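With the working numbering, letter number 253 in the sequence shown gets 253, and the count goes up by one each step, no holes.
In short, the hints are calculated from the structure, not lab data.
Everything numeric in this text was worked out from a predicted model, so none of it was measured.
Hints should not be assumed to be uniformly reliable.
Across the chosen pairs, the derived CB separations fall in these ranges [as the list claims (entries may be wrong)]:
no., residue 1, residue 2, range
1, 191, 138, 48 to 54 Å
2, 217, 161, 36 to 42 Å
3, 209, 236, 37 to 43 Å
4, 153, 178, 28 to 34 Å
5, 191, 169, 16 to 22 Å
6, 225, 43, 56 to 62 Å
7, 211, 158, 30 to 36 Å
8, 139, 24, 28 to 34 Å
By construction, the Cβ of each residue, glycine as well, lies at the ideal position given by its N, Cα and C atoms.
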Amino acid sequence: MNHEEQVAAVKKALDLETTIDIRTHEVAIIQNQKFRAAPTPPIRRTVERKMPEIEDGVKFNFIVGLLLIIFLLPLGVIYYFYYKKKKKDTRAAIENSAEYKQKCAEANKKYDRIQAEYDAEYAKNVDEFNNNILPAYNAERDKWEKERQADLNNTKALLEKATNELKEHYNTTRIIPSQYRKIPALQYVYDMISTSEYDIRSAIENYDKKVQRDLEEERIREQQITNQLTADQNALLNDQNDLLNEQNEISERARRDANIASIVGAVQRHKTNSILKDFSKK
1 MNHEEQVAAV KKALDLETTI DIRTHEVAII QNQKFRAAPT PPIRRTVERK MPEIEDGVKF
61 NFIVGLLLII FLLPLGVIYY FYYKKKKKDT RAAIENSAEY KQKCAEANKK YDRIQAEYDA
121 EYAKNVDEFN NNILPAYNAE RDKWEKERQA DLNNTKALLE KATNELKEHY NTTRIIPSQY
181 RKIPALQYVY DMISTSEYDI RSAIENYDKK VQRDLEEERI REQQITNQLT ADQNALLNDQ
241 NDLLNEQNEI SERARRDANI ASIVGAVQRH KTNSILKDFS KK
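Given these sequences and hints, build the entire structure.
Dropping the structure here:
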């Protein structure tokens, strides 16, 4: 195979390898595509019913209760339970009264009207959802899925075609060893032989040297990083040792100062005792 044929053979292998890489990526993207989420069905609103407040008029006299608890505890307790019972009985009487029941009935009628409006709105929304929104979504989703599947099948077919063509190309030419049938290696070999008189064998030899240089440079970079980390750790350890030594020196000076102070105190006490003893003898 002459030089021109070698260039063409490597170029075809590079183009097919690139096509396969692109198609493989496209297949993965298409397979992971998801149609948008389905629309949320309408939610029925319910009215919050609040009945009229009961005003029992029973008030707890805190001043009286406090005075009774302070000065007459039993009467204070009796007063408190009397208040609770009276309030309960009064509320029960109001709840059972015709006037209060009439107010509750009027309130319920108002809430029933509001709830009827809510239910009518809900029924309208359900009808719109079931007859228009959901069918439109399903139709759009089915159309999208059909197009997606067609796109996926077409991309897979192109991938299979390129894969078979590349396999046939390698089996026919047999000039590129299997370990160099990768895009970075093919790109390097093609760039070299297409711009010079180098043949494939020489280009592969240069590629191997480049790979070794790259590995060596990476090893050196990793070693430099390791050395720097070690140096930083040693520097930190030295700083910690210096700090510990400084703390020890401070502690030692403090002990010496304490010992000196103790000795001075003992000497002063001895002198004082001697003076007192001499004075007592006179």
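Consistency of the hints with the structure:
1. 191 with 138: 48 to 54 Å: Once the Cβ atoms are compared, 53 Å apart, the range 48 to 54 Å for residue 138 and residue 191 holds.
2. 217 with 161: 36 to 42 Å: Because 40 Å falls inside the window, the suggested range holds.
3. 209 with 236: 37 to 43 Å: Distance hint for residue 209, residue 236 holds at roughly 40 Å.
4. 153 with 178: 28 to 34 Å: 30 Å, holds
5. 191 with 169: 16 to 22 Å: Given range 16 to 22 Å: holds, Cβ gap about 19 Å.
6. 225 with 43: 56 to 62 Å: Holds, at about 59 Å.
7. 211 with 158: 30 to 36 Å: For residue 211 and residue 158 the Cβ distance comes to about 31 Å; the hint holds.
8. 139 with 24: 28 to 34 Å: 32 Å, holds
The structure agrees with every numbered hint stated previously.
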